[in-house]
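Enquirer: Single-letter residue listing:
2 protein chains.
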Amino acid sequence: MTNDTQRSVVLKRRPTGEPGPGHFEIVSNPVPQPGAGEVLTRTIWLSIDPYMRGRLREVQTYAAPIMPGEVMTGETIGEVIASGDPGFAPGDIVGGARGWQSHSISPAAALYKIDRHAAPLSAYLGVLGMPGTTAYSGMTDIGQPKKGETVVISAASGAVGSVAGQLAKRAGARVVGVAGGPDKCLWVQEALGFDACIDHRVGNLDSALRDTCPDGIDVYFENVGGALQHAVFAQLNAFARVVMCGMVAQYNETEMPPGPNLGFVIGKRVRIQGLIVSDNPARFAEWRALASPWVKDGSLHYRETVLDGLDSAPAALTGILRGENFGKMLVKVGADPA
Amino acid sequence: MTNDTQRSVVLKRRPTGEPGPGHFEIVSNPVPQPGAGEVLTRTIWLSIDPYMRGRLREVQTYAAPIMPGEVMTGETIGEVIASGDPGFAPGDIVGGARGWQSHSISPAAALYKIDRHAAPLSAYLGVLGMPGTTAYSGMTDIGQPKKGETVVISAASGAVGSVAGQLAKRAGARVVGVAGGPDKCLWVQEALGFDACIDHRVGNLDSALRDTCPDGIDVYFENVGGALQHAVFAQLNAFARVVMCGMVAQYNETEMPPGPNLGFVIGKRVRIQGLIVSDNPARFAEWRALASPWVKDGSLHYRETVLDGLDSAPAALTGILRGENFGKMLVKVGADPA
Chain A
101 MTNDTQRSVV LKRRPTGEPG PGHFEIVSNP VPQPGAGEVL TRTIWLSIDP YMRGRLREVQ
161 TYAAPIMPGE VMTGETIGEV IASGDPGFAP GDIVGGARGW QSHSISPAAA LYKIDRHAAP
221 LSAYLGVLGM PGTTAYSGMT DIGQPKKGET VVISAASGAV GSVAGQLAKR AGARVVGVAG
281 GPDKCLWVQE ALGFDACIDH RVGNLDSALR DTCPDGIDVY FENVGGALQH AVFAQLNAFA
341 RVVMCGMVAQ YNETEMPPGP NLGFVIGKRV RIQGLIVSDN PARFAEWRAL ASPWVKDGSL
401 HYRETVLDGL DSAPAALTGI LRGENFGKML VKVGADPA
Chain B
101 MTNDTQRSVV LKRRPTGEPG PGHFEIVSNP VPQPGAGEVL TRTIWLSIDP YMRGRLREVQ
161 TYAAPIMPGE VMTGETIGEV IASGDPGFAP GDIVGGARGW QSHSISPAAA LYKIDRHAAP
221 LSAYLGVLGM PGTTAYSGMT DIGQPKKGET VVISAASGAV GSVAGQLAKR AGARVVGVAG
281 GPDKCLWVQE ALGFDACIDH RVGNLDSALR DTCPDGIDVY FENVGGALQH AVFAQLNAFA
341 RVVMCGMVAQ YNETEMPPGP NLGFVIGKRV RIQGLIVSDN PARFAEWRAL ASPWVKDGSL
401 HYRETVLDGL DSAPAALTGI LRGENFGKML VKVGADPA
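Residue numbers (our numbering), protein chains in the order written: chain A, 101 to 438; chain B, 101 to 438.
Hints in this document: simulated from the structure, not taken from any laboratory.
Treat the hints with care, as some may be off.
Just so you know, same-sequence chains aren't split out, so a pair can sit in one copy or run between any two.
As the list claims (entries may be wrong) - Keeping only pairs whose Cα atoms sit at most 30 Å apart, straight-line, the calculated BS3-like set for lysine-lysine is:
#1 269 to 396
#2 246 to 213
#3 396 to 368
#4 368 to 246
#5 368 to 112
#6 432 to 396
#7 247 to 213
#8 112 to 247
#9 368 to 269
#10 246 to 432
#11 432 to 112
#12 396 to 247
#13 396 to 246
#14 112 to 213
#15 432 to 213
Take the sequences, apply the hints, and build the full model.
Expert: Shown next as structure tokens:
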């Protein structure tokens, strides 16, 4: 990692099915210099998130697709090296969506300053960042768990699910997680304090849900889709809310599998609603203010899986789509600030 | 029809697939006499609605199933013959859910009085009754069409769809109906004033929707399900609302077909929500007050299909599930009041 070379991960060709290192390439360029109103940063942390798989498809969704030759998008934490804007100075720690690269030039308005002493820097990409804010928005605007209700969280040990479930616990709900493997399930119950956690790799989902949710399911925070969605939908209660946040189980599929028959939505007056966190940007600062004290006092728990070096970013994406991460998936791109 | 015999249609055996006259039988009893606080009515009009198919299944949904030997449930308009309650007198015209029978005894609290001069009596079972209120609640609470938006209404000539579409027109939306056959489509466009109507029996649904909804679909009022649901969901816009009111296409099915893959709900932030009109009973009187002037001045249009005599009630149910009705399906059980 030198200050002279900007290394960027660009899309080489679109994946069919699972993306991997072969779909990307590293491009090196001289580090650019910031113009007026611009800021040069070096990347310290890069966030890897399931939504990135969608950007690799050649379709316009709520965001434009990445085109071959373009730098992959992604949230980062970095340090200002040079600034052409009076609002930023070298040494400032900043967050922004600066992509999979070692250095980046940003308009000042695209960055926000971070208090490096308030929380570990990586927390601003996970529990205090986009995933945490997603969980908060989903529970606030759609899930609205109430005392005594039963809430099911898929991908319960993930960056979004772990926060969503802890928020439901704070609201007084009974919370059941679903995660892959005994280690994750143990952590979800022991550290996060969920009432139960189902290992979706073992046994029968229908009976596991019946056993852990004897009073039915009032809120489902959907991060996964697939067989779990069918199983949970069949056990929803009247007036249940489904936060449609992600369906990572199908992100690598080329043909989308059919969904559940929706007849139950009528008789049970279910509300199924999609969520994109960037629709309500004010929630980001709102959540940071709310949750920072909980991170500081240790009452809001999180975990991270860290891969080292920008070159590992494609493998990190492969891994998160396979569920190989345990908590927030991160790439350590550059050294911590001095 | 005599004043001495109470004739009731009771469930004989549960249908598998399509229900018909063979699943019901007529039981005759002496007309009962009202006790204190009770009212004896003779039925004039009986409403036949798709939801009745659900009551024939041996499952508890939002309502209990009809058991073999029990009188079929249904909304009625009747005339008071004898009263054990000071609030009602012979000759009063009343509405209530008194079931498929010629006469009934009701607790006074289960009836409401109708002004027989304000609108045709049958209108209180259709445009001003449960179906009209369903359309109103669905559009008010979930659909919320806005000026310039595109609204698609399935079963557009039916008792619910015809009102739902006219409400969307009043809200300034562009409204596209879907109905079965050229006569219904003509009426939907000419009388109801929808901007277009697709005959789902002809041609390709996907291309017909693209042609009639060039700006995509913002609100879908779902009465039908099946292939139409898949086609509409594929053309929903960001932030679309789906009023899940009915899926009559599958009410006779024994195995529910799969539904649409729900991935789009996330990226498009769609809200899919179920509606049962009885959840908000205040809406009934609210809607009658709002819509009665529109019925009187002829600006709210409706149509009726009337079958004659209580014995035809089972055939009316068969017919409405086949889409053979044109507008509100009714059975004329007894003579108009003198």
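Enquirer: Would you mind marking each hint as holding or not holding in the structure?
Expert: Here's how the hints hold up against the structure:
no.: 1; hint: 269 to 396; verdict: within (19 Å within a copy, 54 Å between copies)
no.: 2; hint: 246 to 213; verdict: neither (35 Å within a copy, 39 Å between copies)
no.: 3; hint: 396 to 368; verdict: neither (41 Å within a copy, 35 Å between copies)
no.: 4; hint: 368 to 246; verdict: both (18 Å within a copy, 27 Å between copies)
no.: 5; hint: 368 to 112; verdict: between (47 Å within a copy, 28 Å between copies)
no.: 6; hint: 432 to 396; verdict: within (22 Å within a copy, 72 Å between copies)
no.: 7; hint: 247 to 213; verdict: neither (37 Å within a copy, 41 Å between copies)
no.: 8; hint: 112 to 247; verdict: neither (50 Å within a copy, 44 Å between copies)
no.: 9; hint: 368 to 269; verdict: both (24 Å within a copy, 29 Å between copies)
no.: 10; hint: 246 to 432; verdict: neither (38 Å within a copy, 47 Å between copies)
no.: 11; hint: 432 to 112; verdict: within (22 Å within a copy, 71 Å between copies)
no.: 12; hint: 396 to 247; verdict: within (26 Å within a copy, 48 Å between copies)
no.: 13; hint: 396 to 246; verdict: within (26 Å within a copy, 45 Å between copies)
no.: 14; hint: 112 to 213; verdict: neither (32 Å within a copy, 73 Å between copies)
no.: 15; hint: 432 to 213; verdict: within (19 Å within a copy, 73 Å between copies)
The structure does not agree with the numbered hints 2, 3, 7, 8, 10 and 14 stated previously, though it agrees with the rest.
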